[in-house]
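Chemist: Listed below are the residues making up each chain.
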Amino acid sequence: QKEVEQDPGPLSVPEGAIVSLNCTYSNSAFQYFMWYRQYSRKGPELLMYTYSSGNKEDGRFTAQVDKSSKYISLFIRDSQPSDSATYLCAMTNNYGQNFVFGPGTRLSVLP
Amino acid sequence: DGGITQSPKYLFRKEGQNVTLSCEQNLNHDAMYWYRQDPGQGLRLIYYSQIVNDFQKGDIAEGYSVSREKKESFPLTVTSAQKNPTAFYLCASSTPGRDLSGANVLTFGAGSRLTVL
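Chains as they are written, first to last, in this note's numbering: chain S, 40 to 150; chain D, 3 to 119.
Treat each hint with caution, since some may be false.
Said to hold, decoys possible - Beyond 12 Å from chain D on every Cβ pair, some chain S residues (computed):
#1 K41
#2 S51
#3 N66
#4 Q77
#5 R80
#6 E84
#7 F100
#8 T101
#9 F114
#10 Q119
#11 L127
#12 T131
#13 N137
#14 G141
#15 L146
Claimed, not checked - Chain D is faced by these chain S residues, among others (derived, beta-carbon under 7 Å):
#16 P83
#17 L85
#18 P142
Think of the hints as simulated: they come from the structure by calculation, not from any bench. Just so you know, these numbers come straight off a predicted model, no measurement behind them. By construction, the Cβ of each residue, glycine as well, lies at the ideal position given by its N, Cα and C atoms.
Please construct the entire structure, taking both the sequences and the accompanying hints into account.
Modeler: Have a look at this one:
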């Protein structure tokens, strides 16, 4: 079993749709959970991070962490064509010594 | 602006040649990392360094070498021993060991794309 699993997609949605991206993990030591957005041929950029369980909202983006289920989600409301990118989940323990990434989900938002 | 600068952005190499990818950061981060990204695969850790003059192998270190002589710099050499070096290489940095007031997150450079001819 991989340490972090993520549906690779591709996922295509119409503009304005709500998008749900998910990752599952197996290591209960993970405490920091991150979502990165990566445009084609660019480096990943940090979208959001969450410490431990709970929700965090930033504009159209909401990150959720359920440590009991080892499941994290990123929701995008009112999706825009500019949201078309690959989304990577990542996680680490309290000391940031080991970052583990999911394979990424490729999202296309169609105008 | 603080950030990570990778160079070159594109690099072509003949088989049997060593090449060095540059990574410089002005974020005052202690830790630096090199990842490799292949199509359809997640990021795989090549090497990381928590402190100057110290570094550890990641999951796929064979055929690669690094040095960490300065806090700001973490160059990666792709040697001729690396059997399949064509890939997108990403450098990142972070400050590990933060408490709850700081975040353990990675900041990435723009990447270097290496193609072996």
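Chemist: If a hint holds in the structure, say so; if it does not, say that too.
Modeler: Hint by hint, here is what the structure shows:
no.: 1; hint: K41; in the structure: violated (9 Å)
no.: 2; hint: S51; in the structure: holds (17 Å)
no.: 3; hint: N66; in the structure: holds (15 Å)
no.: 4; hint: Q77; in the structure: violated (9 Å)
no.: 5; hint: R80; in the structure: violated (7 Å)
no.: 6; hint: E84; in the structure: violated (7 Å)
no.: 7; hint: F100; in the structure: holds (15 Å)
no.: 8; hint: T101; in the structure: holds (18 Å)
no.: 9; hint: F114; in the structure: holds (20 Å)
no.: 10; hint: Q119; in the structure: holds (23 Å)
no.: 11; hint: L127; in the structure: violated (7 Å)
no.: 12; hint: T131; in the structure: violated (5 Å)
no.: 13; hint: N137; in the structure: violated (8 Å)
no.: 14; hint: G141; in the structure: violated (6 Å)
no.: 15; hint: L146; in the structure: holds (15 Å)
no.: 16; hint: P83; in the structure: holds (5 Å)
no.: 17; hint: L85; in the structure: holds (6 Å)
no.: 18; hint: P142; in the structure: holds (4 Å)
Figure legend: structure checked against the earlier numbered hints; hints not met, in rising order: 1, 4, 5, 6, 11, 12, 13, 14.
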